[in-house]
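J.: Next come the chains, spelled out residue by residue.
Protein chains: 2
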Amino acid sequence: MSSVEFMKRVNNLYRFSALLGHLGWDQKTFMPAKGAESRGEMMAWLAAERHSRLCDPEFGNLLSELEANDMDNDLASNVKEMRRQYNQAVKLPSDFVSQFTRARSDALIIWEQARAKSDFSLFSSHLKTLISLTRQKIEYLGVQDTPYDVLLDDYEMGMTVADYDPLFVGLKSRLVPLLQEITNSEVKLPKLPKEMLFSANEQEEFCLRVSRNMGFDFEAGRMDQSTHPFCAGIWPGDTRITTRFDEKDPFSCLYAVMHESGHGLYEQGLPKEHSFSPRGQSVSLGIHESQSRLWENQIGRTTAFWRIALPWFKEEFPDFPDWDAKTVDLLVNEVKPDYIRVEADEVTYNLHIMLRYEMEKLIFNQELSVEKIPETWNQMFEDWFGIEVDKDSNGCLQDIHWSMGAFGYFPTYTLGNLYAAQLLETMSKQLGDIDTLVESGNWSGIQVWLRENIHQKGSQSSATELIEEITGAAPSPEPFLNYVENKYRRLYKL
Amino acid sequence: MSSVEFMKRVNNLYRFSALLGHLGWDQKTFMPAKGAESRGEMMAWLAAERHSRLCDPEFGNLLSELEANDMDNDLASNVKEMRRQYNQAVKLPSDFVSQFTRARSDALIIWEQARAKSDFSLFSSHLKTLISLTRQKIEYLGVQDTPYDVLLDDYEMGMTVADYDPLFVGLKSRLVPLLQEITNSEVKLPKLPKEMLFSANEQEEFCLRVSRNMGFDFEAGRMDQSTHPFCAGIWPGDTRITTRFDEKDPFSCLYAVMHESGHGLYEQGLPKEHSFSPRGQSVSLGIHESQSRLWENQIGRTTAFWRIALPWFKEEFPDFPDWDAKTVDLLVNEVKPDYIRVEADEVTYNLHIMLRYEMEKLIFNQELSVEKIPETWNQMFEDWFGIEVDKDSNGCLQDIHWSMGAFGYFPTYTLGNLYAAQLLETMSKQLGDIDTLVESGNWSGIQVWLRENIHQKGSQSSATELIEEITGAAPSPEPFLNYVENKYRRLYKL
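Chains A and B are the protein sequences, given in the same order. Following my numbering, the residues of the first sequence are numbered contiguously, the last one being 499. Following my numbering, the residues of the second sequence are numbered contiguously, the last one being 499.
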């Protein structure tokens, strides 16, 4: 019966994580300002509770006992992941875990203020603390080939600098020339009427309609506002996404909602019988991101999508210019080097990620000092994008990740883009032309395909295995590069 | 150092309670319907975790060790309350606690549906379960003089049927004749224009203004919507109140907000240095209710209040009839026997409570069967109020309490009314005429008086001790009866 006791303990560990997820959602949506301190304490306490239970020697004994015997696949997958977590956790002192959680929670508040004022100096001491705690964590866990590898592996198992370096170099070598061609293209893009305002209420109606049509179940989830859109897959029956409204640009909200709904569908489709255990979680951050990017870009930013969605949009905004789907598609696919990652087009997006990857490599493998982060960022940005960064909120203060101590997270976004393109290729082989499906307005075929091939499987396989199982090929950047080159050559008549 | 270890454990127990409070708030405000099952499981798990830690024999040893030595007052007050909880908890099996929490969570959902459809039969099996679990709990804890006493004592320590019976009889003997006089009075009350609608947005603006003027700190709290208004004093810096909007009646929302803000001020004023321990909690439910009723009725339902608030109200609703403060005061103080407790005036309110008290006494001391609850309720209501109950949602389905297993809770509402009147007498002796203060629009004197005399003290004293310390007299129904007789004789020119 050690497997029963083991699963009971695993479920409890995941309940602590789920509570942290719930409190994290509330922290970013509804928490009043003065609740920040108690929130930080509470989350630090929960993290420490989880950690001390994970490190319990009896839990270690259970793992060894189970490993010595035959196990069914589900149990084996839980044991494997918990062994990984256990081996890591026992290297980290409980006080350290609690201190780190607390520091993250404190930094989040300050980062928000610093970003609002575009003043890096407000944030720098918190960032210094987080970086130094992260360095300490790397030391506790034990350096692999390079210190940064420890972080990369934490967010996408098996991935290191040795994997990412050639990947990014390869992407850059084809994306930069493409960007050059596009910049020189003479295609004239439509522009949103400058004076037109799109009220938040109507944007919300429209976005909810799109999200519902994607299959997001609002009886088992909800949508709220936050500074930065995110998805919290709290627990079975309760998945929450957020967005934000820009009254001058309705598409910013739309694509945030499609992105987060893509994540949300994954969470809603996970196998409930394995909830509160590794086996019932998503495979990896990269696979998760593939689900959001597929809906956001490969379905959402197409003429086919706008053939269906434009009438819905016009219902909310009857004064919108009388453009056809193709024109709107051009509008939402404008390629333009700019400051903000989350607003970036599909061509420049991965360059944004690569920049962050190079920054983090400098910080953890070359000991770049915190003081030098803004100027290093700005210099690199100017070299790559040809634009001078005017303020830190358009530069190194723009992303939430570092304030959450999430160093090594960004590269999984690029993996998501690559996986999405590779999955789409296979999906279209199996379901027929995707544009035709999207244009039909009935997207349940797509949703079911994703659910059956990915969501329902939980973390049965690793990311690499899953991609191979579905597509018959190892993960590769080729499908993405082909997709992006074809798409933009067509749009920009290159 | 056993006191350090003791306080650490106490803090952790209260963290579990606080998490339950947070999840409970979310459950009643934002949770999607399909999240109910997981929510129930999660809350049951948290309750069981708390319970098993409370029952830990080592915790019992710590208590005994501390009790054998001298303690400062704060520690003594924590030890006393934890001893009470410990002695209770060790009598309850962990499975039972978890089962009860789960049953409550399940019943809440069904009760909401039953109430919406006004169909008692939907709810009766859940109610039966809760009553039978409560009977089991009484048995575990050990019957005192009567089984119901166990429940009464749980919600207001030291109070039993032997205390409440004469109290309610005394109240009834003076309230019923007063009600009779009022019913025969010839004073004509103003009526809200039937066709006028009060939009929720404007109601919210007005209510927020009143709440802010009461001193509720919205940087350390927030206000949302729920079917039933409530206040969740989650933890330091984060106190949340809720309300609901009736577009035909703006006063229903106003007095809900004043009521919950009164509770909220108590929570916001508790001593932070004692948070997550009994010493830092409110004294009792009765004292808590005195804080809400004082603001709602004794401040809010006065001509003085409307002298200040009517201009604010007219800013939001310029089409409101051109009445003076005295007229609006009459309107919001209409005495009228009616079905719904939470909408009741100050004269009939305590009769509603007494009815519930008598019902619960029948259920737990006379074994009244669940099937007979509606007809017994309806008969008693008709006898006392002279009105036939038309549907169960206007009768025994109206209150949330039973669906939460909170039997024995209602009588604390009457205590709150009595305490509030007694406190107001003393306050006016010390601060001068309260109407003059209210009319000045500067309510900080009142807020500071409540904070210093009650909120800041946490649970330093028991409810009875606190009332004696502040007013110099034991708790008594006289101040309330005098207040209510004077007020309504004046309003109705009796």
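In short, the hints are calculated from the structure, not lab data. Treat the hints with caution; some may be incorrect.
Where chains are identical, the list cannot tell them apart; a pair therefore holds if satisfied intra-copy or between any two copies.
[Unchecked claim] Straight-line C-alpha distance at most 20 Å; calculated EDC-like pairs for lysine to aspartate or glutamate:
(1) K96 with E473
(2) K492 with D159
(3) K13 with E444
(4) K85 with E70
(5) K13 with E42
(6) K277 with E46
(7) K319 with D251
(8) K33 with D229
(9) K377 with D350
(10) K462 with D438
(11) K196 with E473
(12) K39 with E278
(13) K366 with E86
(14) K13 with D100
(15) K277 with E42
(16) K462 with D79
(17) K142 with E186
(18) K199 with E444
Just so it is clear, the structure is predicted and the values come from calculations on it, not from any experiment.
J.: So, for every hint listed, does it hold in this structure?
T.: How the hints compare with the structure:
| no. | hint | result |
| --- | --- | --- |
| 1 | K96 with E473 | neither (33 Å within a copy, 57 Å between copies) |
| 2 | K492 with D159 | neither (33 Å within a copy, 69 Å between copies) |
| 3 | K13 with E444 | neither (47 Å within a copy, 60 Å between copies) |
| 4 | K85 with E70 | within (13 Å within a copy, 44 Å between copies) |
| 5 | K13 with E42 | between (32 Å within a copy, 18 Å between copies) |
| 6 | K277 with E46 | between (31 Å within a copy, 14 Å between copies) |
| 7 | K319 with D251 | within (18 Å within a copy, 33 Å between copies) |
| 8 | K33 with D229 | both (10 Å within a copy, 16 Å between copies) |
| 9 | K377 with D350 | neither (28 Å within a copy, 67 Å between copies) |
| 10 | K462 with D438 | neither (25 Å within a copy, 70 Å between copies) |
| 11 | K196 with E473 | neither (42 Å within a copy, 73 Å between copies) |
| 12 | K39 with E278 | between (39 Å within a copy, 16 Å between copies) |
| 13 | K366 with E86 | neither (27 Å within a copy, 54 Å between copies) |
| 14 | K13 with D100 | between (25 Å within a copy, 15 Å between copies) |
| 15 | K277 with E42 | between (34 Å within a copy, 12 Å between copies) |
| 16 | K462 with D79 | within (11 Å within a copy, 54 Å between copies) |
| 17 | K142 with E186 | neither (44 Å within a copy, 76 Å between copies) |
| 18 | K199 with E444 | neither (29 Å within a copy, 50 Å between copies) |
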